[in-house]
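Peer 1: One-letter residues, chain by chain:
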Amino acid sequence: MRVNSLAFRLFAASALWTLVVLPITGWVLNSIYRQEIERVFDLRLDTAWWALVNLSVSPGATTPREPTATAFGDPSYNVPFSGWYWQINPVDPAPADKVLISTSLQGEQLSLPKTGVTTPLGSAYAVVDSIGPQKERVRMFSKILTYGDGAAAKQYRYIVTGNLTETDVTLLRFRSTLWLALSLLGAGLVLATFFQVRYGLRPLQQVEQGLGDIRSGKAMRLEGELPTEIVPLQRELNALIKSNQDIIERARTHVGNLAHALKTPISVLTNEARSDKTPFGMKVSEQVGIMRDQVQHHLDRARMVARSGSLGGATDVKPALDALVRVLSKIHGEKGLKLSATCDDQLTFQGEKQDLEEMLGNLLDNACKWAKARVEVTATRLPPAKRGQPAMLQIQVNDDGPGLTEAERAVARQRGKRLDETKPGSGLGLSIVTELVGLYSGKFDLDRSELGGLSARLKLPAA
Amino acid sequence: MRLLVVEDDPDLKRQLVTALGEAGYAVDSATDGEEGHFLGDTEPYDAVVLDLGLPKRDGLSVLEEWRRAGHKFPVLILTARDRWNEKVSGMDAGADDYLTKPFNMEELLARLRALVRRSAGHASSEIECGQLRLDTKSARVTYDGSPIKLTSHEYRLMAYLMHHKDKVVSRTELVEHMYDQDFDRDSNTIEVFIGRLRKKIPVDMIRTIRGLGYCLSKGEDAG
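Chains as they are written, first to last, in the numbering used here: chain A, 91 to 553; chain B, 122 to 344.
These aren't lab readings, by the way, just hints derived from the structure by calculation.
Glycine included, every Cβ here is placed at the ideal spot set by N, Cα and C.
Mixed in with the good hints there might be a few duds.
[Unchecked claim] Derived list of chain B stretches under chain A, where covered just means 3 residues or more per stretch with a C-beta under 8 Å from a C-beta of chain A:
#1 123 to 135
#2 207 to 214
#3 221 to 229
[Unchecked claim] Straight line, CA to CA, 35 Å or less: simulated DSBU-like cross-link-like pairs of lysine-lysine:
#4 Lys134/B <-> Lys177/B
#5 Lys420/A <-> Lys134/B
#6 Lys428/A <-> Lys258/B
Extracted from the complex, chain A is given alone in its bound form (with noise of 0.2 Å):
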């Protein structure tokens, strides 16, 4: 996923609230819970410590009655150093004076820390923060009642604490059972997120592979059920297609109309030229024959650019290599030539049939020129080399002209040579041939024929 690309956007954007949602959500459900275990805490607290005054005190007494370890309900208060403690001491502590503790203080005792002493709104007593005798967390309530009248009375601070460290235990294991869950869901959306936006950018996948289609030829427009907010844009992208074809297509005709009417002048400047031996006519001459193989090579240009746009349907291969058979044996007749095809049946070609016939009329054209007195072509299909690989056709051209030497066979490929000047024809034949059949991916060879002359060899894709 690049960072410039809608994906990123939307993914980045779901991910980055679900990661600020999430922790405020735990934030919020944890403290939530942190209060209400704390409303517990104190409630448990409060209970005890009215159990301890309870217990304690009883009408006329001036001393605070100890209570025995059953009659309080908290059996915490039994276990030793379980931070659950009471403590009844004399503020003023006399030498005779007892310190009354319970059974978990083990003889140990509680003093109240001189500051964060707080006496929350509505409570009969002051509430801190303290450290037990085990160094544990624990929280005191605390209070002085008096005892007797005037002279004789005396204040006695009752201390009630319950374990912290249980509650902090209790917290921490249910944040860290919180913070586990967020996380797990914040990844699931996030992975949710991330599969949401495939799926629904799927459509303009499928809208650039169409408009990879369209480039590279196989398709003319883009097709498919798209969802309905592409759709607008499928319909404006064809129209906008199919205007540049319309606007191709124009130019086309229009190269085509300009090379062909410069072909008729420059036939008269040719014709003109080729009879005044002077200078001027020679200069004429050279430069009109660079003017006719300019028209000629931007024509073939533009219909070679023309084809790359559609290189579908299928051509029967064997009509046309009869029709440009019977062609030739009219053209060449005078020289006796014996002009033989064979074709396997059902040969079909994969391409269009004008460049089929271009190729071949080219290369028996070729043949035609320069054999003595056979031409021989065969066209076959050939068994693909490999599992799963297109089928292609061959299709050889054989004559038993004088044929070409291997440097000779490299030149003739390209474009605007001409291995003999005095034999007519433009020159063009076999570099068109070799441009048309890199148009369709296939091969061309040529090699030394068993009738003796040049072997020209086509590997084409066959349908």
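Using the hints provided, position chain B relative to the given structure of chain A.
Peer 2: Below, chain B alone, put in the same frame as chain A:
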């Protein structure tokens, strides 16, 4: 030998007419399809050079109609359209050869010579009749190896007779194939030219066949 050139470009038409005239042909020309069709339909040409992109009427349809009407003269298509499928449709419409612009005049002449010869049934570019030889390539006539000087009209007459050697050729036929349509035809001039030819080759090679015409053959003595 009389040819028809159907070409709409005035300069090219002029060049073709000139070059073909210099090569020894009598040449008629037309600038559009209708005129071309009419001429081909009514005059006995030995060959036709036909452009395809013509005003008024398309060259292919002209050709097809000539063939339907049974005209057998060879037709060479001269066009800027150089695709093979265009060649195929041209040839299938009844053309005998196909030349694409821009072209070499020499090549056009060579192809026309071949067409004319083939339609008269001769395979080689040289036609022999006893000691008499016609080289269609160089437009030269020799007898027993030594060249015979001929004016252009004499050459046309000789060439036509040689192409149709051993056949009786009527005087009208000779007139029709020797002169273009603008020429003031007088069949008596044929007799004059025959007389001149007879002075340059053995007299008995051209025989007069009463009421029918002339026949060029080896002759009794020669060969």
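Peer 1: Could you tell me which of the hints above the structure violates, numbers in ascending order?
Peer 2: none
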